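Participant: Sequence:
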Amino acid sequence: MIKKELISNDELKDENWERFLPQFKKKVQSAQATRMAKKKKKEQWKKKGPYTPFPPPQPLSKIDQQLETGEYFMTEKVKKKQKVEERNAKQSERTQKRQEERKAVYQAPEEKPRLKRSIPADSADKSVDLKMLKKKVAKKG
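By our numbering, the letter at position 63 of the sequence shown is numbered 1198, and the numbering carries on one by one without gaps.
Hint data in this document are derived by calculation from the structure and do not stem from the laboratory.
Treat the numbers as computed from the prediction; the structure is a model and nothing was measured.
It is possible that some hints are incorrect.
Distance condition first, Cα-Cα at most 20 Å in a straight line; then the derived DMTMM-like pairs of lysine to aspartate or glutamate [as the list claims (entries may be wrong)]:
id : residue 1 : residue 2
1  : K1138     : D1149
2  : K1225     : E1235
3  : K1183     : D1199
4  : K1139     : E1153
5  : K1216     : E1235
Build the full structure now, drawing on both the sequences and the hints.
Facilitator: See the structure below:
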């Protein structure tokens, strides 16, 4: 249909018609395209490390950790007391940090020493050019 209209149009008869024709994507991949897609997908996966004959050691269970720390044999009251103490210690650390941050706002920044505008002692030793000095005085006065 579109081609018939383009043939009948005298201006577009000799031009390239690709811009007028619809562009369809291929639904079926070529063999080369599928190979490339598989290769890309394979590269995305994490590569395995070197072979080790022994498996990694198992992580300690909750009970094993409690046995190591001695927490397993504590009574409930002692456990609760210890948790409260830990919580209070963390809380006091946080409050100290916050107070230091708040105090830091009120501290004055360090000021650099002001430079004197008077002639330094080194420049007094240098000889003064009399001709230039006379010219300056003559211009001003």
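Participant: Take a quick look at whether K1139 and E1153 sit within 20 Å of each other, Cα to Cα.
Facilitator: holds (14 Å)
Participant: Is it true that the CA of K1183 sits at most 20 Å from the CA of D1199?
Facilitator: violated (31 Å)
Participant: Starting from K1138, check that the Cα of D1149 is at most 20 Å away, please.
Facilitator: Holds: K1138 and D1149 sit about 12 Å apart, inside 20 Å.
Participant: Verify the proposed pairing of K1225 with E1235, using a straight-line Cα cut of 20 Å.
Facilitator: Judged against 20 Å, a Cα distance of about 16 Å means the pair holds.
Participant: Given the hinted pair K1216 and E1235, is their alpha-carbon gap at most 20 Å?
Facilitator: violated (29 Å)
Checked against the numbered hints above, the structure breaks hints 3 and 5 and satisfies the rest.
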